[in-house]
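Novice: All chains should be built: construct the whole structure from the sequences, respecting the hints.
As given, the protein sequences belong to chains A and B, one line each in that order.
By the count of UniProt numbering, the first sequence reaches residue 276 at its end, each step adding exactly one.
By the count of UniProt numbering, the second sequence reaches residue 291 at its end, each step adding exactly one.
Every clue listed holds true.
Which residues of chain B face chain A? A few of them, derived with a C-beta cut under 7 Å, are: (1) 54; (2) 77; (3) 81; (4) 83; (5) 91; (6) 104.
Coverage of chain A stretches by chain B, computed from C-beta distances (three or more under 8 Å per stretch; other residues unrestricted): (7) 77 to 91; (8) 96 to 110.
Partial chain A-side listing against chain B, Cβ under 7 Å, derived: (9) 5; (10) 10; (11) 14; (12) 276.
Calculated directly from the structure, the hints in this document are not laboratory data.
The C-beta atom is built at its ideal place from N, Cα and C for all residues, glycine as well.
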Amino acid sequence: MPNPQPAILTIARRELAEGMRNRWVVSTTLIMAALALTIAALGSAPTGTTSTAALDVVVVGLSSLTIFLVPLIALLLSHDAITREVERGTLLLLLSHPLSRPQVIAGKFLGQLVIMALATVIGFGLAALFVIWRDGAAGWQAFAMMIWASILLGAVFLALGTLASASVQESSTAAGIAIGLWLLFVAIYDMALLAALVARGGHAVAGWVMDLALVLNPTDAYRLLTLGEGSSAMLSGMGGVYDSSQLTPGLLTGALLLWSAVPLVLAMAAFSKRNL
Amino acid sequence: MSDATVILEAVTKTYGGRAAVSELSYSLQPGQVVALVGHNGAGKTTQIKMMLGLTRPDAGRLQVLGADPVHGTGARRQLGYLPESVQFHLAFTGRETLGFYAQLKGLPARGHDALFQRVGLAEAADRPVRGYSKGMRQRLGLAQALLGTPRLLLLDEPTSGLDPALRRELYGIVAELARAGATVLLSSHALTELEDQAARVIVVNRGRKIADGTMAELRRLAGLPSRLRFRADASPDNRATRAGDYWQIELAEDEKAPALRQVIAAEAREITLEDPSLDDIYAHFLKREAA
Chain A
1 MPNPQPAILT IARRELAEGM RNRWVVSTTL IMAALALTIA ALGSAPTGTT STAALDVVVV
61 GLSSLTIFLV PLIALLLSHD AITREVERGT LLLLLSHPLS RPQVIAGKFL GQLVIMALAT
121 VIGFGLAALF VIWRDGAAGW QAFAMMIWAS ILLGAVFLAL GTLASASVQE SSTAAGIAIG
181 LWLLFVAIYD MALLAALVAR GGHAVAGWVM DLALVLNPTD AYRLLTLGEG SSAMLSGMGG
241 VYDSSQLTPG LLTGALLLWS AVPLVLAMAA FSKRNL
Chain B
1 MSDATVILEA VTKTYGGRAA VSELSYSLQP GQVVALVGHN GAGKTTQIKM MLGLTRPDAG
61 RLQVLGADPV HGTGARRQLG YLPESVQFHL AFTGRETLGF YAQLKGLPAR GHDALFQRVG
121 LAEAADRPVR GYSKGMRQRL GLAQALLGTP RLLLLDEPTS GLDPALRREL YGIVAELARA
181 GATVLLSSHA LTELEDQAAR VIVVNRGRKI ADGTMAELRR LAGLPSRLRF RADASPDNRA
241 TRAGDYWQIE LAEDEKAPAL RQVIAAEARE ITLEDPSLDD IYAHFLKREA A
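Specialist: Structure below.
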């Protein structure tokens, strides 16, 4: 008998196959590619003969969009990871097999992460190839960094969606939580942060407080990671925030990894405790 | 006995204050086909879920294939489970579905043609489950449960909604597995559906065991009379009562033969002898329990 495949991989491959079958993979890749190509075509037009590399300009435009889009896609993909199995009536059968519940969570997360990574790498990669073909490869490091950071951002929201799915009984409830999470991290948090800064009436906020406030929202950590350094920092205006901050790319990456790991572990715990 | 496949000792499980299973004890031996019979909500599915390790008993001891089912998932490799009205992901074909579950059991994804053959699904194996009828889904579910020749087979209401032909086939497969040494536990809400296929019947009601034995033992325990009906000018037996155009006598097991001889000697016509049906026996046990 050939070596049995680990249960996590079986679940992950199944999740990926499901994504292929219901056109999730194709449609998300197409959306990402369409947006990236649009921004690449339009966004780099005004640079003219400035010294900024065309790819840097694309990074600024694209990452601003990614902050809205990637969390949304990730939450759509993951919010019913567990509840879907319950509602389809396949969960009992799945769990009667020799695998643990944390393995189910980990496998599903892994499969969805591959879907997100495929969509990001192919979608954004097409745009990058287009710009490189037109303007040359200068600034590719920032672009590569953005792809990596976008996958990390996707992982964070996949984990949050999975946590919602493992904690509630119905997909509709999980969807409500997912929309709430999206609004909170993408819009409300930054507005509240801004309001708090304004309310202080120009008094300086301690650097570590600001740093903490930024890593407490994964989309802010993402923004700083992709736009903090190099020419994109100058273009986006994020350089100012970054320069006065103690946060290094390593720390920001660590924050995003933690943001994926903690909800995932909580999801495993919630799912394991659940009475079926 | 130590070689029992499943052992329950005073197992109790409550859901929100209501006991789904209370103080339940029995053990299942290899090679045995056992039917777990009870109403919907009598605690059958809860017992199966506990055996699968999906639900933890509140009290008592439960052992499945030599281990506590909650700890460790190794025993599940030798266990086949068919859930009540089994469902699958509709977009995948039968072959893909079976391959997935095979891999979860540590088997190769391919090469299960013999199983498809056995459950009569060979031709539909490459069609999406979306187009399967209920019977075909049940066949696929059975194929899934048979993966890896399990030592313990848990079938939850396997015959509900099946046509008689498929039911007969299912019992054929079950008997074959039991002959090979597997323990088969099948739950049912009606004794009639079992068609005398189970060597042992455990009747449960509100989470408690109210009868346990072979079908013949249950019949004897119930002590329900058989009913002899015939047409004759005058009854040869003074116990007979008039029911329309017929005479009718209720007979205990040992009175059946003498009464028949008597009736035949009296040249009675249109004789029918009706044993208590499985439903009658079941209803009797439930009534006795309620009293």
